[in-house]
Every structure is written in structure tokens, then in C-alpha cells.
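Peer 1: Letter by letter, the chains look like this.
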Amino acid sequence: MTPQDRADRLWAAVSARDEFEAEEVVLGAVEAGVDPETVLLEVIGAVQRRVGQEWAANRLSVAGEHAATAINERVVSALVLSLPRVRPTRAKVAVACVDGEWHALPARLVAEVLRLRGFRVDYLGAQVPTAHLITHLHRTGPDAVALSSSIATRLPTAHATITACQAAGAPVIAGGAAFGPEGRYALLLGAQAWAPDARSAADRLATPLPLPRLGHQAIDDLPHLADQEYTMVSRTSALLVKAVYTGLEDRLPEMGGYTEEQRQRTAEDLAHIVDFLTTALYIGDEGLFTGFLAWTADILAARSVPARVLLPALELLAAELRDFPRATALLEQSAAVLSTDPDPAPATGSRPAPQAQHLPGATTT
Amino acid sequence: MLKKVNAVPLSEPGQSTRPAPPHALATGWQGAPYPAVVLDHDGVLLVANDAAEALLPFGPPEWLTSARSDGGRVPGEIDHRSFEAHPVPHDDGAATWWLVEDTDTRLALDALRVERKRAALLGDASAALLASLNIDRCTEVAARLAAEHLADAALVIAPPVRRQCSTVVCLRGQEPVHHALRVDPAAVPGLSEALQGFPPVPSRWIDPASAPEWLRPEGFGEIGSMVVTPLPGLGVAAGALVLLRHAGQPAFSEEEEIFARLYAARAGAAMSAARMFAQQASITDTLMRELLPPRLSQVAGVEFAGRYRPAQDTERIGGDFYDVHPAADEESLAVLGDVCGKGLEAAVLTGKIRTTLRALLPGADNHDRVLNQLNDTLLDPVSTRFATLVLASARREGAGVRLRVSCAGHPAPLVVRADGQVEQVSSQGTLVGVMPKVRTTTAQITLGPGETCLLFTDGITEARGGPLGEEMFGEDRLRRALADCVGMPADAIVEHVQMLAAHWLGARDHDDMAVVAITAPRGRHLTAVGGHSRGRFTA
Chain A
1 MTPQDRADRL WAAVSARDEF EAEEVVLGAV EAGVDPETVL LEVIGAVQRR
51 VGQEWAANRL SVAGEHAATA INERVVSALV LSLPRVRPTR AKVAVACVDG
101 EWHALPARLV AEVLRLRGFR VDYLGAQVPT AHLITHLHRT GPDAVALSSS
151 IATRLPTAHA TITACQAAGA PVIAGGAAFG PEGRYALLLG AQAWAPDARS
201 AADRLATPLP LPRLGHQAID DLPHLADQEY TMVSRTSALL VKAVYTGLED
251 RLPEMGGYTE EQRQRTAEDL AHIVDFLTTA LYIGDEGLFT GFLAWTADIL
301 AARSVPARVL LPALELLAAE LRDFPRATAL LEQSAAVLST DPDPAPATGS
351 RPAPQAQHLP GATTT
Chain B
1 MLKKVNAVPL SEPGQSTRPA PPHALATGWQ GAPYPAVVLD HDGVLLVAND
51 AAEALLPFGP PEWLTSARSD GGRVPGEIDH RSFEAHPVPH DDGAATWWLV
101 EDTDTRLALD ALRVERKRAA LLGDASAALL ASLNIDRCTE VAARLAAEHL
151 ADAALVIAPP VRRQCSTVVC LRGQEPVHHA LRVDPAAVPG LSEALQGFPP
201 VPSRWIDPAS APEWLRPEGF GEIGSMVVTP LPGLGVAAGA LVLLRHAGQP
251 AFSEEEEIFA RLYAARAGAA MSAARMFAQQ ASITDTLMRE LLPPRLSQVA
301 GVEFAGRYRP AQDTERIGGD FYDVHPAADE ESLAVLGDVC GKGLEAAVLT
351 GKIRTTLRAL LPGADNHDRV LNQLNDTLLD PVSTRFATLV LASARREGAG
401 VRLRVSCAGH PAPLVVRADG QVEQVSSQGT LVGVMPKVRT TTAQITLGPG
451 ETCLLFTDGI TEARGGPLGE EMFGEDRLRR ALADCVGMPA DAIVEHVQML
501 AAHWLGARDH DDMAVVAITA PRGRHLTAVG GHSRGRFTA
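Protein sequence lines, in the order shown, are assigned to chains A and B. Its first residue numbered 1, the first sequence is counted upward by one per residue in our numbering. Its first residue numbered 1, the second sequence is counted upward by one per residue in our numbering.
Everything labelled a hint here was simulated from the structure, so no lab data went into it. Possibly wrong hints are sitting among the right ones.
[As the list claims (entries may be wrong)] Straight-line distance between alpha carbons at most 25 Å, and here's what the computed SDA-like set of lysine to any residue pairs gives:
hint, chain 1, residue 1, chain 2, residue 2
1, B, K342, B, A311
2, B, K437, B, R289
3, A, K92, B, A311
4, A, K92, B, R289
[What the hints assert, rightly or not] Pulled from the structure, derived: some chain B residues nowhere near chain A, Cβ distances all over 10 Å:
hint, residue
5, L133
6, D136
7, V141
8, W214
9, E257
10, A278
11, D329
12, V382
13, R395
14, M472
For glycine and all other residues, C-beta sits at the position ideal for the given N, C-alpha and C.
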């Protein structure tokens, strides 16, 4: 049986929320002599990637994703407990998620692979406020921090975390979809290294990461932040969402008949657009915003909804942000892409938040 | 002797209006305070003024006679003094060279360069030393920087703890290495004093020949010179720094020793701070351990899971708490509560309540009695300490779970049914710690396989935020969210609820937030007991 076959079986078990069968698949693989690292990454990891894809394609609810992930988490624990403990002989690594990141499993897989390879690992998991992470670094003095983030809108926090780790003397290796294609945002945000997956992270950590530069200032990474656009736009994001929402109500009479839940979802969709816009302003990368919109358009296209339904929202945003040159340029460019390209290419790269089935027009077909 | 050269005769009066050539015997030139010479095109001396004659009794130096007069200022040395020669070219290819001494300027510039380098090094050293509050890292940095900038190798020796000295050795260009040595510092002159920080001692030379073996780093080779410098900490001695140079290298100069002391002051302060931080952190950890929310798992065939988020992200504890107590008769007691106040003080109160409840466990089958006994201990005429609480006794029965739930001033738990219905538990009661008597009603519930009872604190429902800002998360939204959680494991439900509330909040302030899920395991088997083994089948 190939790892792929086992991954298919595990997927079936996880989809059926059959924890027992899931455990059988994984422990059975180890008993059949499959290397534990392969089980972690090519069976469990493969299923988790599929969970992500199903969710991104809107075929799995957020709650469903949580259920699947919880089973996968337990399966990892069961697998790890069934293996003989590897005596740690190599560098000390702290593995953590960026604060606000809820997808802990990728980091967990990295932690377990590092343990299997003999690293001394402190796995801090998700929902670790940066202050706790820093205290942990001072207490334990690891040789490196492995930082995971899957959602691009966490990038500003990721930057603060990377800078804080380095200020505490710990070099950072970043990983996860948030850091963009080829990890370009990881290097932009000053991480010492980036790894596309758990194996390459473990390979990279086999040689010590360079120590953080002394006297490095976070603003040096992103000099464009001096224009304060990010600060102003992110500070007023709730007001922006409200203004755009009200503007949409004026333009589109059908919104008057929305249920309370539809209204909330629409507002959430707008909040996501604003989130990605502010993140693009922070990073200074227009691809981050246009990529998100392309992904959204893709989801809409799958439901035979033209991407043009996003245009009124973008126009209203542009009107609100007319005093901000970078934001204005971003919105104009995105609007041009959406109105000319009826079938935009699917977005690769970071994992956007699920949304956009509720924008006016999107639910009418 | 300076060659005497005939001066060019003065042009005759009236013949020319040209200004007199500079080598004209003007008294101003001749007596000028700066030495000046006139050299012809080939560098041959034509004339020198008085100051030049005094300075150059043996004629102009080669660097001057060979200099080009159209190339600007030329630096050079005369008699171990430093000069700059400023040329003023004449029409005929000759030039007057004014010699301006800049010995002092140069010395000052050299000193400035050295000082700048040292200041930069001390600045960088401070930044590097202060970066980590981890004592091992900090010591490594101290040894590494010293080996790079002050010597060929450096040892940082910590004050002995139980007659053991932990040392870090670093050879220039190599990684620092830790050792724990059982040694006698008194055997090395000056080391004991340096390690004790008393009496105050300056740096002290050690004769390399008499230095004990453990002071000689492996692979260093022959030691030329060796000096011990105390590392004064923040009022307590941080250790000693031993600097070594290879044989054949110049020994440490007095200035270098002074500089080493400046460096040692910074390194010592950083190491002291790191050691104090480690002590404080260890105390905090020990005290905090009892207050942290426990990790919940399966108990006697019932799944439990809890998630806690304190109001202050910088703290790990707060005014909400939960516990699950397994009981001998297979009925476990889950408790979730919320005390008045926030932060550490509230957390201390939760600790007292949790301890009291543990003591009351033998009679825990009677919720009313437990709540009233707790009420008695909290009642205090001086301070107002009160709490809201929900107790849930859970017993596995067949494939389902029997629950008895009692609320004391606490939001009623919600039950997620297999068909997606979300019901509120019908129990209510008064706060604990306010009135002489607590009145509650106890609700009886049966959970079918995959059904969950969720206990939560008002931090969840009262979370303010949402896409438009100031809206409450509210119980309706929580019910809708739970309706999506049918058949989910307890772990996934608590995580899901905390995530929704966190997204709702965004970066806004919030109260302590706690949730506990009690779930009847679904399907054909009891999930792994404690999540650790492969589990067992139900009949």
C-alpha cells in the first residue's frame, strides 16, 4: 500500500469522523514498516492538506475543518506515543504559531519531524501571545524559532513576532502558506530562513541559522510604512466596513431583505477584503491583495457568479480611501483586473479566509 | 647645512608692474611663523624662510622634493612629526611650499578612531548582551565577544554553586563551549576575589606557567599572557572573565586592561539581569502551576475538553477557571466558574475556590451542599469575594452520558443534540459568596453519542467586536455556531468556539473566556482512554 492509499483511507476515516479507524490507519502504517516521518507527512500531512483544499474550495465548513483537524491531532498524538522516544542530541528549537493563528497542525508536524530527527523541541502550539513566546525564549534560549502561519492577514503580527524573537537573540525560520510563494514575505519580514515544508525545515535546521543582526529595526524591512497608510487604514477598518456596507445598501436595494445572518456574513466578507487590503499595504505587495481577490473571484466563478459583484465594494472602498495613494492604486488595479478578466486565474500562495459567498449578487444565483 | 642660494634680484622699479615673486625677500615671508621653502621644477631648493631653516637644517626631505606642486596638499613626516605641505605654484614651474604641522591633529584623529571603535564595540556588545535574558546565551555572548575583540580566547566563570563552577570557553572564531567544573578558585590568584566581587580587585595577571590545567582551553596552544577581570553584576558578582593571548602576541596594555574592565562591567550587568530573571521566572512558574487551567481528557468514558483565554494576553491566568474531578464511583464532577475581578488577584481567588472544591469532593454528589459549603468559606464581612459557578456531574450510561447540572449565578450551559438542535440547560441559581444561602436547581440531562454539553463563561457571549465593531457576540450567535458542531469531538468544539470568539474580537479588549465541553463519545468505540492508547471497544 502506498502512502497515498493510506492517506485516502485516513481521509475517508476523518471525513466520517471515525477516530478509531483513523488511528488504525496510522498505527497500521507504522506496524507495516512505513517510516514514521513518511506517515506524519505523506499520510497525515496529505490529509490535512486535503482538508485545507476542501475548505478553501468551500466544500468543507469551518466547523467541519475543526472536526477533521481535531481527529488528525489525536492521530498524531497516538502515532507519537506508539514510537520509541528519540534521544535529543541536536539543536534546541522552539516551534510556535504566529499569535492569532488557529491552524496548529502544520507546526505540530514540524515539531514531531524535528523530534524524530533528534532535535530538542519545545512545541508551543497555536494561540501563543507573542509576550509568552518571548518569555519562553529568554527562559530556554533555543538555537532557533520555527514560526508557522497559514493566513496572510497574520503577516503584520508575524513581522512583530519575528522582530521580537530576534531582539531576544533567537534566529527565526518561517513556514506556512502565509509567507507567500517561495516564502518571499518571510525574507521581506527579516526571517533568517524559510522552508516550504516540514522536511526542508528539518534539513535547514541541521546547520545553525545565522544569528540575528544587531540593532536591526523593524521599520528597515518595510520603509514604505513611514507613509502611515497601514496605520490609518487598519485603525479605522471597522468604520470602513460600516461605510462600505451602508454604501452597498444604498446602491443595492435587495440588501434590504437580508436576514440578520446574511447581513453579518456580508459584513464579514467586507471585513476580509479590508483585512487583505491593509495587509497588502503593510507588506507593500499588491499581489497579496489581487491574489486574494482572484481567489474570491474563483470561488464565485465556481458558483456561476461573475467576479464583477466585487466591484461596487471596491469602488466604495476607493472613495473612502481617496486620500491614501497606495491604497487607491491597489484598489484601482484590482478593479481593472476584475472588470476585464471574466475568468481570473486561481490564486496560488497564501490561504485566504473563507468568504465571499454572501456579497450582494453572490447569493442570487 | 641648508644650501645658500642667491636670491633672484628684484626687478627694477618702473620696468614691470608684476607683483614681486614670492621668494622676494619680503620680511613677512622670511619671518612667517610657518616654515616655507621655494623649490624649483626639479625639486631643488631655491630659498627657505627662517622657520624652514630651523626645521630643515639638512635640507628638504625626499617626499617634499619629489612632490608635484599641482597636486594639492602633500602629507609627510619630518623628524617624527607630521606635516602637510601646501604648494603655491609659480609661473616658472617653481613652487612655494608652506609646511603646516598636524602632528597633534593626527594623534587626536588616531585616538578618536580608537575610541570610536571601542565605543562602537561597547555599544554592539551591550546590544548583544542585553538581547537575551537567558543566562546560558548571555554567557556565551560575553565569551564570544571577548574572544573576538579583547583576546585570542576567553573564559567566563560563574560564581560556584555547590562547589561547582559553570564556565564557558570561547576560542576566537569558534563556538563557545559550556563546562561544569568542580574546581578550587582559590588556586588561581585573584579568581576567588573576582568571583565573590569582594574585596574589589582590579584585573590581575596570572603567570601562564602556574595556571591550572582547567584554565587552559583545549587546542589553544602555548599561552603568552593571561589576565583575570571581575564581572561586577547588579550589586551581586556575576563571575569572572579570563582573557588569554597566544605566546608571541603582545601582552595586554594598560589601556586594553581598562577597556576590558569597561566591557566586563557591561557583560556582568547583563549576566546578573539574566540570572535574576531566571530566578524570578522559576518562582513565578512554581506559584503559577497550581493556577493554570488543567489539560482535560477522557474520564471514565466521558470526553472532556477545555480552553481558556485570559483577559490579559501577557498573563496566563485570570478570573475564570475549570476543573474535572474523577470520582471513585465513575461519576466525574466538572466545574467551571468566574470570580469577581480580573488578573492575578482574581486568579489567586480561583486557586482558593478550586482547592476548596477539591476538599469538598467526597460529598460532591449533592451539588446544593457543595455550593453552600463553598459559599460559607467565601462569605467574609470584610471583603466581597464572589463567584458564579456551574457544576456538572457526568456518568457514562451505556452509549450515552447522564448529566446533573447546577448553575449558581452562571450562564446556563448549552446542549448540542445529534439533530443540530441547541438547547439551554434549565438550571438557575444565585451567586456564591454574597448571600448566606445559595439557591439552585439541578437539571438532569442525557447526552446521546456525539452530543455535547458546553459550559462557558460570559467572556464568550459578551465579547464585543464583529465586522462592524461594537456588537456583542451574544448567545444567539453561540447557538448558531454550536448547531454546526454536531458530532464533533469535545476538543474540536472548544477550539471552534474560542476561535469564533477570537475572530469576533479581533484585536479588541476582552474579559477572561473559558469553555468546557462534556461529550458522549460517538460511534462504535470509546475513544482512546486519555487519548493515549488505542482504546477499547464498547460492547
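Peer 1: Against each hint, give a clear statement of whether it holds in the structure.
Peer 2: Here is how each hint holds up against the structure:
1. K342(B) - A311(B): holds (7 Å)
2. K437(B) - R289(B): violated (32 Å)
3. K92(A) - A311(B): violated (31 Å)
4. K92(A) - R289(B): Between K92(A) and R289(B) the Cα gap is close to 24 Å, so the pair holds against 25 Å.
5. L133: violated (4 Å)
6. D136: violated (5 Å)
7. V141: violated (8 Å)
8. W214: The assertion about W214(B) holds, with a minimum of 24 Å to chain A.
9. E257: Given a closest Cβ separation of 25 Å, the condition holds.
10. A278: Not fine: 7 Å to the nearest Cβ puts A278(B) too close to chain A.
11. D329: holds (27 Å)
12. V382: holds (35 Å)
13. R395: holds (22 Å)
14. M472: holds (12 Å)
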